[in-house]
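Chains as they are written, first to last, in this note's numbering: chain U, 1 to 563; chain D, 1001 to 1175.
Bear in mind the hints are in silico, worked out from the structure with no lab data behind them. Note that this is a predicted model, so its numbers are computed, not measured. Hints may be right or wrong, so weigh each one.
Here are the simulated lysine to aspartate or glutamate pairs, DMTMM-like style, with alpha carbons at most 25 Å apart [as the list claims (entries may be wrong)]:
(1) K1072(D) - D1032(D)
(2) K1067(D) - D137(U)
(3) K1013(D) - D117(U)
(4) K1165(D) - D117(U)
(5) K399(U) - D431(U)
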Amino acid sequence: MKLTGAEIIIRTLIEQGTTDVFGYPGGQVINIYDALYKYQDEINHILTAHEQGAAHAADGYSRATGKVGVCIATSGPGATNLVTGIATAMLDSIPMVAITGNVPCSLIGKDSFQEIDITGITLPITKHNYFVNKIEDLADSIREAFQIAKSGRPGPVLVDVPKDVQVATYEYEPQPAVPKIPLPKADEESIDEAVKLINESKRPYIYIGGGAAGLGMGQEIINFAEKIDACIGCTFMGLSAVPDNCDRFLGMQGMHGHFASSMAQKEADLIIGVGVRFSDRATGNVAKFAKTTKIIQLDPDFAEINKNVNVDLGIIADVRDAFLRIAEKCDARKNISWEKAVMELKEKEEAIAQRAAQMAGDRMTPKMIFDVINENKLPHTIITTDVGQHQMWAAQYSKFDTTRRFVSSGGLGTMGFGLGAAMGALVATNDPTILITGDGSFGMNLNELATAVTYNIPVVIVLMNNGVLGMVRQWQNLFFQKRFSNTVLQRRTDFVKLAEAFGAVGMKADTIDQFEDAFKKAITLGRPVVIDTLIDKDEFVLPMLPPGGSIDDIIVKIEEDKK
Amino acid sequence: MNKFVIAVYVENKFGVLTRVTSMFTRRGFNIDALTVGETESPEYSRITICLSGDGYAKEQLINQLRKLFNVKKVEVLEENEAIKRELALVKIKNNKETRGDVLSAVEVYRAKVIDYTLDEMCVEITGDPSKIDAFIKLMIPYGIIEMCRTGIVALERGSGTLLSKNTATGVIKTR
């Protein structure tokens, strides 16, 4: 049948399994929006307040489900507003398809109104992108975009469609959703090599990242850890891959990682990396990272092997297949002294936490806030965050009962990511969703409260309000002799009134009891809620590896006089 | 620091060269020379890249290139297995005192004079990049007015082709 380009776009999205899209109309996508109107029974469009929110929503949608998130924006400023969202997805390897309109081909290259070279702009921040100047290429370009987005190491793909291509008509035949391109299976020799290294090790540490989380390998990882008596640690992006009730799981390691997890990684004699890229935030000073520890790295992306740290064995293949074959072949065994060493690290971590709790006195600490959240949150709750201190506290203290429950911008560290992403995650799953944010990050994209209210997307927003840009302030505190340059927010925002003005529910919590009451109520309301939660401006995220430092330089407490 | 020559087959499509060069910029690769041109197949273009760097830079460059969707094949051309050629045009000052010396050098180097006026001559020289380096060095005292080099093109010796070559993938062992 013959359809217009705009209809082909929407029909191809539907054929690829897309049920929800996030976007914002404009001059060069009017035709696409007309097609959305026509197919509104088959595809749901959510109008955000800003294109950046749409991109983050598509990203959050994908993180919570593994499906390809889709966002739409018009040419020029609409397209450039997606850029931060696309880059966020790129750095965390999130499958996403962004569709932009552009001026008609006859006006391309002439600095026409709202014309921008968005494929040029997004070249380094997409896995791939398309400028579709022929209608005969349109449907296949979108199909390829989906395939590229979800295959191998996932990532965002942008498809830019000039207006005349949207208007033209062409033959369209529906096709089944494209499958992922299969990755090569690891050869037996490399599996044996890995098995040998594992069998020889006495202190194995299984190190899981976003790649393992994306593949939903939690149970397989636990089974394997049981078999070889290993402990499990994760990167920031690996959070929620393994549920927190697994006692072998030590949590996140790295710059603000758990003491026990980071130390166990240091003391291990073998690190088995699954879908990790050894980012600088995870390794600290690479020159000092795992110098005497052997490393096995399983990853689908050959450019990740030996990029940041040199490994003893890198297997570039279908990660799940390679992992399961290695797990099958390894000897089952016990490492009693390693178990004991890990136990001691956990006890030490507990002692540090207790000392910190004693020192806290009456004030409402971040740990207390997360204790309340963990205790009261509903099953399958998704925790999303913005970026800063609150994000690190969320990473350290949140408990997860199942996979894909932690939605946060790890690689790019995008302040303003949270609200859009939380809406996307909630729309995708209909599971309870909490946004942990700070007053700095929230200020960046709080306009999306309007969207949450319009569509009644009941995100519970815990706004950890300290009146400062806490993470930068922490660095200024520690490394810049308390010269608090531009990190004190002398704003007069009343977040309760602000929430109400948007049509959401506003609450305030000065004490932990007030917070507990507010939180318990908020999760039952079925409406977007902002809980303005006041915390001290000089709370620190600890432990911390100082910049350029290694795990040997870990800071677990700050002396009172430094505060 | 070593010099590497890397040959890349890319789809002959609009914007592919930009994708390749943009990746170099983003990843901080320092490229000495890059040439691009047609191949035996109209579907593909061939890019030849010269890079100075260590083994890490070489490995990363190859792996990052392989990730690009329009890139079909990436291979390192090893020094002793490849034929490399470059062309340079060198415009040299021409005067009575030095003319004889320059022309002898042109002859020895099997170069060609392709333009000749009273005050300049333009020389075309083809060959291995090191030969061109040597010729240019020799001409400096006579006064080089202007010059340009094409960057190298290279092919592997023997009847094999780059596209038919098996690329090793899968396992990397180091340390």
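Results of checking the hints against the structure:
no.: 1; hint: K1072(D) - D1032(D); in the structure: holds (22 Å)
no.: 2; hint: K1067(D) - D137(U); in the structure: holds (22 Å)
no.: 3; hint: K1013(D) - D117(U); in the structure: holds (17 Å)
no.: 4; hint: K1165(D) - D117(U); in the structure: violated (37 Å)
no.: 5; hint: K399(U) - D431(U); in the structure: holds (16 Å)
In this structure, the one hint that does not hold is number 4.
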